[in-house]
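Visitor: Here are the chains, one letter per residue:
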Amino acid sequence: MNSPSNQQRPAGSTRVPHSFFYDRVVPALLVALGLVLLIVIVLVIGALAGVIPVK
Amino acid sequence: MLHVLPFSSTLVTAAFVVAVFSRYARRGGPHLLFWGIGLTLYGLGTFSEAFLGLAWSPFMLRVWYICGAMLTAAWLGQGTMYLLVRKPGVANRFMLGLALVSLAAIVSVFLAPMTGALYNTSLPASVQYKDILTRGPLTITLTILLNIYGTVLLVGGALYSAFLFWRKRVLAHRVLANVLIAAGALLPASAGTFVKLGLADWLYLSELLGAILMFIGFLQATSQQPARAPAAQPAQS
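Chains as they are written, first to last, in the numbering used here: chain H, 694 to 748; chain F, 2 to 238.
Next comes chain H alone, as it looks inside the complex (with noise of 0.2 angstroms):
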């Protein structure tokens, strides 16, 4: 709910050092809901279109 479009990096703040959690977990997490997104839309517009029968 928050957003870094126009946004430079704020003054004073420094890079989030690299670790495990940061540069593995968090893509992957990002990746995981992405797909769970993308499957939700394409239920509902199988819905929509007929394809998946809506009870």
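Hint data in this document are derived by calculation from the structure and do not stem from the laboratory.
Since we're looking at a predicted model, the values are computed, not measured.
Heads up, some of the hints might be wrong.
Listed next, with one range per pair, are the computed distances between beta-carbon atoms [unchecked claim]:
#1 F:Ser23 to H:Ala721: 32 to 38 angstroms
#2 H:Ala725 to F:Arg87: 26 to 32 angstroms
#3 F:Ala56 to H:Phe713: 30 to 36 angstroms
#4 H:Ala725 to F:Ala105: 32 to 38 angstroms
#5 H:Val718 to F:Ala56: 29 to 35 angstroms
#6 F:Ile141 to H:Val724: 30 to 36 angstroms
#7 F:Ser123 to H:Gly739: 29 to 35 angstroms
#8 H:Gly739 to F:Gly137: 17 to 23 angstroms
#9 H:Thr707 to F:Ile141: 48 to 54 angstroms
Among the chain H residues that face chain F by a calculated CB cut under 7 angstroms, a handful are [stated by the list, open to error]:
#10 Arg708
#11 Val709
#12 Val718
#13 Val719
#14 Val724
#15 Leu726
#16 Leu728
#17 Val729
#18 Val735
#19 Val737
For each residue, glycine too, the CB sits at the ideal point set by N, CA and C.
Using the hints, position chain F against chain H.
Guide: Positioned in the frame of chain H, the structure of chain F alone reads:
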């Protein structure tokens, strides 16, 4: 549990609404206003759900369908559009469209005839509303379109924001906050899909967990992190 979960969701959402509108009162910003409206609709949906677990009311069933099934995701997503789309006028035009579509949705639900089938308060509204509320093609289409619009904006916007923060390697608390918000928004969104497919059992739990995760994400995103240097300034949110 059937009554406890929606009431708990309502309480959590009410606290969330207060937090968002308080921030809006302090800092302004249309995104906070629309998130507040969307969360109010979320709370109305869970409250009507809880009410319908105790007593039958045709009016509350219509409120439940309008707030819980049709409008919440779209108005939350509209808040994200105000945050992410900076081109002047774009978000306002979509907002006008959303307002008109929402009005059509409300009218279509309140004009939808009730079949007169008996409502069982011991069962979730989501498993029996189709036997009671006769939804026309317009209502069904609007439900699906509003949910796609809102879910793509809210979840997609949170994931996009998280990705940008992550790529820049700044404000790690906002990366985590956006992941929590995306996950929290996906829970009721996917539960709604499962209800459409006939799998309604975990809708209430997903609504509660979704509200909690989004609330934690919001608090995390808006928390003041310790300044790392005298010149540090809090980022906008």
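Visitor: Taking the hints in turn, state whether each one holds.
Guide: Hints, verified against the model:
1. F:Ser23 to H:Ala721: 32 to 38 angstroms: Holds: the Cβ-Cβ distance is about 35 angstroms, inside 32 to 38 angstroms.
2. H:Ala725 to F:Arg87: 26 to 32 angstroms: holds, 29 angstroms
3. F:Ala56 to H:Phe713: 30 to 36 angstroms: violated, 52 angstroms
4. H:Ala725 to F:Ala105: 32 to 38 angstroms: Given range 32 to 38 angstroms: holds, Cβ gap about 35 angstroms.
5. H:Val718 to F:Ala56: 29 to 35 angstroms: With Cβ atoms ~46 angstroms apart, the hint is violated.
6. F:Ile141 to H:Val724: 30 to 36 angstroms: Roughly 32 angstroms apart at Cβ, these two residues keep to the hinted range, so it holds.
7. F:Ser123 to H:Gly739: 29 to 35 angstroms: holds, 32 angstroms
8. H:Gly739 to F:Gly137: 17 to 23 angstroms: Check passed, 21 angstroms falls within 17 to 23 angstroms.
9. H:Thr707 to F:Ile141: 48 to 54 angstroms: holds, 51 angstroms
10. Arg708: holds, 4 angstroms
11. Val709: At 4 angstroms from the nearest chain F Cβ, Val709 of chain H passes the 7 angstroms test, so the hint holds.
12. Val718: violated, 10 angstroms
13. Val719: holds, 6 angstroms
14. Val724: Violated - the Cβ of Val724 of chain H stays beyond 7 angstroms from chain F, reaching only about 9 angstroms at its closest.
15. Leu726: At 5 angstroms from the nearest chain F Cβ, Leu726 of chain H passes the 7 angstroms test, so the hint holds.
16. Leu728: Where the cut-off is 7 angstroms and the nearest Cβ of chain F is about 10 angstroms from Leu728 of chain H, the hint is violated.
17. Val729: holds, 5 angstroms
18. Val735: violated, 10 angstroms
19. Val737: holds, 6 angstroms
The structure fails hints 3, 5, 12, 14, 16 and 18 (numbered hints given earlier, in ascending order).
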